[in-house]
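So the sequences go chain by chain: D and S.
Our numbering runs 1324 ahead of the 1-based position in the first sequence.
Our numbering runs 16 ahead of the 1-based position in the second sequence.
Because the hints were derived from the structure by calculation, they are not lab data.
All values derive from a computational prediction rather than experimental measurement.
Keep in mind that a hint or two might mislead.
[To be verified] Ranges between beta-carbon positions, derived for each pair:
no., chain 1, residue 1, chain 2, residue 2, range
1, S, V62, D, S1657, 52 to 60 Å
2, S, K113, D, E1490, 50 to 58 Å
3, D, D1456, S, E50, 38 to 46 Å
4, D, S1624, S, P20, 38 to 46 Å
Quick reminder that beta carbons are idealized off the backbone N, C-alpha and C, glycines included.
So you can see what is in the structure, the chains are spelled out below.
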Amino acid sequence: MGKKTPLYPEYEKYQAKTIDFGGWDLPVQFTSIKEEHHHVRSEAGVFDVSHMGEVRVTGPDTTAFLQKMLTNDLEKASFGQCQYTAMCYEDGGTVDDLVLFRFSETEVLLVVNAANIEKDIQWLEKHALGMDIIITDESEDTALLALQGPAAEPLLQKLTSADLSEIGFFRFQNEVDIQGRAVLLSRTGYTGEDGFEIYCRASDARAVWQALIEKGARPIGLGARDTLRFEARLALYGQELSKDITPVEAGIGFVVKPDKGVPFLGEDVLRKQKENGPSRKLTGIEMVDKGIPRTGYTVSADGKEIGFVTTGTQSPTLGKNIGLCLVDASYTSPGTEVEVQVRKKTLRAVTVKTPFYQRSREDKK
Amino acid sequence: MSLPADYKYSKEHEWVKDEGGNVRIGITEFAQSELGDIVFVELPEVGDEITADEPFGSVESVKTVSELYAPLSGKVVEINEELEDAPELVNESPFEKAWMIIVEPKDKSDMDSLMDADAYKQMTDQE
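Extracted from the complex, chain D is given alone in its bound form (with noise of 0.2 Å):
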């Protein structure tokens, strides 16, 4: 048996399927995947992400320390602003990819992937000699729930009195008080919807879920977590990303800011990938042939292989059969016929743009 979070005895009542995840029993699903997709696509769903780490910085030396360890340029958010970032070794492979909540210039926090959560602060405790700064891992208190979908802020709104069109994407507000709990309350996502994280401490963890269920959100396993941000491209360290996948190749190389003024670990690596562009690339395809990519599939073009299937299955929204594939960056332009290996088969593919699915321009917050 794994770790439980604070809101398993909720997920319980809906004998819900768990799964381990990292060192976690987490929902897969509480009725289907393809269901609890489209609802929040079309609605609003609840998440239990409380696995994922928080772990504070603070101290006079925040902002110094965490432009040294992180690729994108902190200053270039505002306090109150939240922003996606990564942290990568010296030869650019990426340690993890997070978003952090700029509090202030002395105080920061970092939400980072469960399964990263113990190395990403040795690494951070090993490059913090000197520094005049207090590492603080949070996660075990802290408990997260995304509500995610296009409903998600007039629910949200009938159970707090802050404003919420007030809060702008990647924007957050401390102490926003839901049903008289304090919680740290952000417009961000990982569905690619319109969307809110809550983050409380996990005594309160419970009273929060039940309150977003009781105003009609419905909860939403990991499956269709993991599908909705496939259909957005949001990377998934350990599939798109990992120590062997630098932010550039990932296709997020919108993070990495070499020309922020302040040396970071990667940064050579990093900056010639972005100048040269890199050898490798994240391309979505879809599937010409009847089959299904999926993780570390080999993509092969012109007799030879080009490279792997990060994530891919058949999208809900799209009904299609597609994928994320690392490949060779000369077989990335749309349009390119590319081969899986499905199995014992060898399948015709094309690459297609990404993201595979985006929320129309007038819904954008």
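Knowing the structure of chain D, use the given hints to seat chain S on it.
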């Protein structure tokens, strides 16, 4: 869940229905519920030989791929072509509409090594 009493069942969650000469094969209610939304079914072709305990095809859900293991050896005489366009039938009607293949068994006594409904129920109750 109610299991058809006149079917036989394999450890790999296939069912086999004896239709006199040939047998009809599919996957069980338990198997479909474990897999979740089925989005693709890959079947052999008519005329293919299948071998007991070896894969003869696969079913794919949104999340995973799962192989179909032959409950007995024989020759495929018919496949359910409806599943190509309607794989969701496996979720909706695993014991009826979503039959997968009809096989001419090599040796009908292979059936004897399969479980009856009671034994299969006991096995799945423990999982």
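**Item:** Numbers of the earlier hints that this structure fails to satisfy, in rising order
**Value:** 1 and 3
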